[in-house]
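Read top to bottom, the protein sequences are chains B and H. Taking numbering that gives the first Met the number 0, the leading residue of the first sequence gets 0, the next gets one more, and so forth. Taking numbering that gives the first Met the number 0, the leading residue of the second sequence gets 0, the next gets one more, and so forth.
If you're looking for bench data, these hints aren't it; they were derived computationally from the structure. Check before you lean on any hint, since a few could be wrong.
So the derived list for chain H, only partly shown, Cβ under 8 Å to chain B, looks like this [unchecked claim]:
#1 V93
#2 L171
#3 L229
#4 G234
#5 G236
#6 V243
#7 P245
#8 L246
#9 T258
#10 E259
#11 L261
Using C-beta positions, here's what the derived DEER-type ranges look like [to be verified]:
#12 H:K6 <-> B:P56: 54 to 62 Å
#13 H:D42 <-> B:G33: 21 to 29 Å
#14 H:N106 <-> B:Q62: 22 to 30 Å
This structure is a prediction, so every number in the text was calculated from the model and none was measured. Glycine included, each C-beta is placed from N, C-alpha and C at the ideal position.
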Amino acid sequence: MVVAREVKNLDGMLLAPSGCELSERQIGILQAWGVEEIDVEASAEVAQAHDPLAQLPPEVLAQITADLRTRFWKPDDFGPVPAEIFKLMLLRQARRALQPKP
Amino acid sequence: MNPPTIKAMVQAVPRSLGSYGPVLAEIELALQSPQCSLTTIGDAIQKDPDLTARLLRLANSPFFGFANRLSTVAEAVSLLGIQQIQDMIVASSVLEQFKGVPDNLVNKESFWRHSLAVGITARLLAMERRLPKPDKFFVAGLLHDVGRLVLFSQAGDWAQKVFTCYQSEKILLREAEKKVLGYDHQQIAAELLQSWSYPAALVQAVAFHHTPNSSLSKMDAAVVHIADHLVNAMGIGSSGEQYVSPLDDKAWAVLGLDTEILGRLVENVDEQILAVEEAFLKK
Chain B
0 MVVAREVKNL
10 DGMLLAPSGC
20 ELSERQIGIL
30 QAWGVEEIDV
40 EASAEVAQAH
50 DPLAQLPPEV
60 LAQITADLRT
70 RFWKPDDFGP
80 VPAEIFKLML
90 LRQARRALQP
100 KP
Chain H
0 MNPPTIKAMV
10 QAVPRSLGSY
20 GPVLAEIELA
30 LQSPQCSLTT
40 IGDAIQKDPD
50 LTARLLRLAN
60 SPFFGFANRL
70 STVAEAVSLL
80 GIQQIQDMIV
90 ASSVLEQFKG
100 VPDNLVNKES
110 FWRHSLAVGI
120 TARLLAMERR
130 LPKPDKFFVA
140 GLLHDVGRLV
150 LFSQAGDWAQ
160 KVFTCYQSEK
170 ILLREAEKKV
180 LGYDHQQIAA
190 ELLQSWSYPA
200 ALVQAVAFHH
210 TPNSSLSKMD
220 AAVVHIADHL
230 VNAMGIGSSG
240 EQYVSPLDDK
250 AWAVLGLDTE
260 ILGRLVENVD
270 EQILAVEEAF
280 LKK
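Based on the provided sequences and hints, a complete structural model is requested.
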């Protein structure tokens, strides 16, 4: 199992970095700190099944991406953080598009 | 004809705290007394039923996330703290103060939804970064575009010229402000908040929310800058700008957070905005 999101204690001490393979010893450390649950990476099949971008028809995804791009100022000049934010917004829009209409 | 000076516009804004003025004055007075207690403060607030309802709605919302339901104002005051209560009342009064802004220039509901969302996001970012007094960032976020309200309410004709320039030249609204007026809404807000004797760090955060690296309080300005960018990206309301304006990577570096937190942050903003809107905007 691979840790998906880093785990810190209340003082900010890193207990398990994201991306690390979880060993029995690390599980013991987390338990000793009272950590009851952490996020782990899903398997490729599960991730695919839960990825909203993969679930949308390609033409709908293309439309959502194009609409989002028109809202951002100079989307071709993005640095790393705005690029990450754009990706997040695309996911948010995709999730909304997949929600059943009331 | 020359555009109005910032000073002239700001001086024309009435300095009143609207209907919440008497409550704030009573709290100030109560705090000066050695016999002041939470009950005294609670009693002062409860004289205004509208304020009491808003306060309890907000105190019981996911914004604060208390496990137990708060049923009295005294409980809310003891858990939130007097400073935070005063901040929230002042913030509500600013909303009230600008209700006369003409509808043809800006959709007020959309403007306030944007401002509240930036307040919520700035507070969450400050909490994530473990900055002291994260609630002051809510106020800074809420007021970050107050300079535009001054322009819309005091110089509607010039605001119209700014929008015409913005649409015809396809530039950012802030650039259009500079082109038409020679200054932007950040500078107007700085003058207004200084004249209202707001704390220097809050003035800096608002006055440099588009240019955080020029601020004397880089961290405060960076928090509001990033919050504004995120809320624009999420499309929650608008203060007139239709584009998601550029994000300064240096501001993100000042904050020193991992981009991993962004997903959770966006989810929290989505969760809190409805409750906070309910407390501040609904009658």
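Hints breached by this structure: 1, 5, 13
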